[in-house]
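J.: Produce the entire structure from the sequences given, and follow the hints as far as they go.
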Amino acid sequence: MTVVMAIVVGVLYTTGTYLLLQRTLTRVILGIVLLGHGANLLLLMVGGLPGAAPLSGPDGAPADAADPLPQALVLTAIVISFGVVAFLLTLAYRSWLTRRDDEVEDDVEDRRIAALRGTEHPEEYAVSPGETGDRP
Amino acid sequence: MTALVPLAIVAPLLAAAACLLAHRRVAWQRPLSLLGVTVSLASAAALLAGVERGGTVVVTVGGWPAPYGIVLVVDLFSALLLTVSLATVLGVLVFAIGQLGLVVEARFFHPLYCILTAGVTASFVTGDLFNLFVAFEVMLIASYALLALGNPDATRSAMTYVVVSLVSSTLFLTGVAFVYAATGTVNMADLAGKVAALPEGVRTGLALYFLVVFGIKAAIFPLFFWLPDSYPTAPASVTAVFAGLLTKVGVYAIVRTQTIVFGSGANGPDGVLLTLAAATMLVGVLGAVAQDDIKRILSFHIISQIGYMIFGLALYSVAGIAATTLYIVHHIPVKTALFLAGGMVEKVTGSGALSRVGGLARRTPVTAGLFLVPALSLGGIPPFSGFFGKLTLVQAGIAAAQHLVVAVSLVVSLLTLFSMTKIWAGAFWGEPQAPDPHTDTSATVRVPRPMVAGAGGVVAVTLVVALGVSPLWNMAERAAQGLLTRSGYVQAVLGDAGAEVEP
Numbered sequence: 009m010t011v012v013m014a015i016v017v018g019v020l021y022t023t024g025t026y027l028l029l030q031r032t033l034t035r036v037i038l039g040i041v042l043l044g045h046g047a048n049l050l051l052l053m054v055g056g057l058p059g060a061a062p063l064s065g066p067d068g069a070p071a072d073a074a075d076p077l078p079q080a081l082v083l084t085a086i087v088i089s090f091g092v093v094a095f096l097l098t099l100a101y102r103s104w105l106t107r108r109d110d111e112v113e114d115d116v117e118d119r120r121i122a123a124l125r126g127t128e129h130p131e132e133y134a135v136s137p138g139e140t141g142d143r144p
Numbered sequence: 028m029t030a031l032v033p034l035a036i037v038a039p040l041l042a043a044a045a046c047l048l049a050h051r052r053v054a055w056q057r058p059l060s061l062l063g064v065t066v067s068l069a070s071a072a073a074l075l076a077g078v079e080r081g082g083t084v085v086v087t088v089g090g091w092p093a094p095y096g097i098v099l100v101v102d103l104f105s106a107l108l109l110t111v112s113l114a115t116v117l118g119v120l121v122f123a124i125g126q127l128g129l130v131v132e133a134r135f136f137h138p139l140y141c142i143l144t145a146g147v148t149a150s151f152v153t154g155d156l157f158n159l160f161v162a163f164e165v166m167l168i169a170s171y172a173l174l175a176l177g178n179p180d181a182t183r184s185a186m187t188y189v190v191v192s193l194v195s196s197t198l199f200l201t202g203v204a205f206v207y208a209a210t211g212t213v214n215m216a217d218l219a220g221k222v223a224a225l226p227e228g229v230r231t232g233l234a235l236y237f238l239v240v241f242g243i244k245a246a247i248f249p250l251f252f253w254l255p256d257s258y259p260t261a262p263a264s265v266t267a268v269f270a271g272l273l274t275k276v277g278v279y280a281i282v283r284t285q286t287i288v289f290g291s292g293a294n295g296p297d298g299v300l301l302t303l304a305a306a307t308m309l310v311g312v313l314g315a316v317a318q319d320d321i322k323r324i325l326s327f328h329i330i331s332q333i334g335y336m337i338f339g340l341a342l343y344s345v346a347g348i349a350a351t352t353l354y355i356v357h358h359i360p361v362k363t364a365l366f367l368a369g370g371m372v373e374k375v376t377g378s379g380a381l382s383r384v385g386g387l388a389r390r391t392p393v394t395a396g397l398f399l400v401p402a403l404s405l406g407g408i409p410p411f412s413g414f415f416g417k418l419t420l421v422q423a424g425i426a427a428a429q430h431l432v433v434a435v436s437l438v439v440s441l442l443t444l445f446s447m448t449k450i451w452a453g454a455f456w457g458e459p460q461a462p463d464p465h466t467d468t469s470a471t472v473r474v475p476r477p478m479v480a481g482a483g484g485v486v487a488v489t490l491v492v493a494l495g496v497s498p499l500w501n502m503a504e505r506a507a508q509g510l511l512t513r514s515g516y517v518q519a520v521l522g523d524a525g526a527e528v529e530p
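Line by line, the protein sequences are chains A and B. Heads up: the first sequence is residues 9 to 144, going by the numbering used here. Heads up: the second sequence is residues 28 to 530, going by the numbering used here.
These aren't lab readings, by the way, just hints derived from the structure by calculation. Each hint should be verified, as a subset may be incorrect.
Think about it this way: if two alpha-carbon atoms lie no more than 25 Å apart in a straight line, the pair counts; the simulated SDA-like pairs of lysine to any residue are [claimed, not checked]:
hint, chain 1, residue 1, chain 2, residue 2
1, B, K221, A, A122
2, B, K221, A, A80
3, B, K221, A, L77
4, B, K374, B, P459
5, B, K221, B, T210
6, B, K221, A, Q79
7, B, K221, B, S291
8, B, K221, A, I121
9, B, K221, B, Y236
10, B, K374, A, A80
11, B, K221, A, A73
12, B, K221, A, M53
13, B, K449, A, A71
14, B, K374, B, R476
15, B, K374, B, A452
16, B, K221, A, G56
17, B, K221, A, L124
18, B, K221, A, A71
19, B, K449, B, P392
20, B, K449, A, G56
21, B, K374, B, A172
22, B, K221, A, D118
23, B, K374, B, T210
24, B, K449, A, D118
25, B, K449, B, S291
26, B, K449, B, H430
27, B, K374, B, T448
28, B, K449, B, P459
29, B, K221, B, F205
30, B, K374, B, G457
31, B, K221, A, R120
32, B, K449, A, R120
33, B, K449, A, I121
34, B, K221, A, T98
T.: Put into structure tokens, the structure is as follows:
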């Protein structure tokens, strides 16, 4: 069981990282979602083996109970990642509304340096600091 | 005294809730957010006075005893940073009221700003690694929204910032899982004992892991790339509070975890950290020299100043960490004041590019004065606060025989002064430029009074730091002692029962 979970966590981290490196915004967001799931699952696993519900009655806590602390931590982390992903989707939607494009834009500074190197007349290609512009 | 700690967090949160309820009326939101932040500042100041006399204050939230329940811990280090941060936050809030006026964005600014304040406060007082993660998230979520507020063009840079921050948060959560797997606890005081019992490889690995996690937040070399890209696009008040506080919370987390939790530096100065500190200083300042826009220059300077703070920590001596503490205390208001002055320049001229502004010393002498004081302070000119920050750092560095890094820090200091002179000569001296035809601001625009009051208040904080440097240094030394010896902190949190909770 633990080995299966370890593999699942590994796959989630790998695919999450891969998607994070893509240029499309929706894939980046999916990557963050998967990375978050991986981290949550990892946190749940470090509490040890699954066990009985961690409820303590008059007889005291059962010896085979699962560790309740990671469960509490994961619950908090899930709520946080839910809120963050909702915000990211809004941001991506606004980016799409203003630009009709889902790709992450080039860094303005990078383009300016590339323009300086690539031409005799850098002024033609230079961009002002506030301007985002289109991709070349 | 114990009621003050939660109050400092809850007051801005309640203010945020009240601001959301009053979201149609900016005029009502202003007193609400001002009240929330002021209450928070007052409790922080009272805590500083109390901790200075009576030692570390510990609050067990929910009543569960220390290693299991949630604890809030205020030691001298926390109390110092908390007070100076909240004083700066209050100044920026006054500035923002003047800058934003009654535009639609102001409706969302107030609640978000209060949540940001609560997050920063919670980061400084938490005594628990997981709660530090939660506090970071509260702070960062508010910062994402603030950065993206109002300006559709800012979406790209906001995206970079959000994605980088989220990756570092995920790494942080993974790190918490690693620590829990290795020790079975997330309480910092409890960890102090349990991490020491781990094999050396695991301990070093975890310490380096957390250095990377917080290194992204603090923008140390080579993890700083996101900062100059994202900060300059936001409104001046937002950039100012980010510049003053967010990276410093990262530095705070590095200092806290490396000393209290991991007890690094038992073998004296840390070569890795020293190298990173020198590289951070150099890269930041060289980046600044190449820039033309005021906000971009200042953004690169944040990075180079972070290097100084890491330098003090890397020495792992009382003098070194005390110098780091003093440096953070000096840096928070100074950096904020510089960005506020930059914002005033933009308000008057409609541009922050040095090639498009000029002769402002004659047009708005107030702005010039409010820029000059923190600029000289950042350059390390006596009698301003930056001089004492650098003096104590250099003394600590020489005492630890780290002459190379000391030399680097002095060269960087000179280049910092050069950068500040460049802004001064470009923006405040020279002939006034013709107004930019692309902006509708006319040359007669006056800086609104609240902006002057807010920036003036933050500059006053920097002067207070300079005037009160002797008692501050005394407190910083005691704070550093507490961080390095650890026993006082652990005993305050775990009490005498601390010895009994061994696994």
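J.: Checked against the structure, which of the hints given earlier come out wrong?
T.: Numbers 1, 8, 10, 13, 17, 20, 22, 23, 25, 26, 31 and 34 - these are the hints that the structure violates, sorted from lowest upward.
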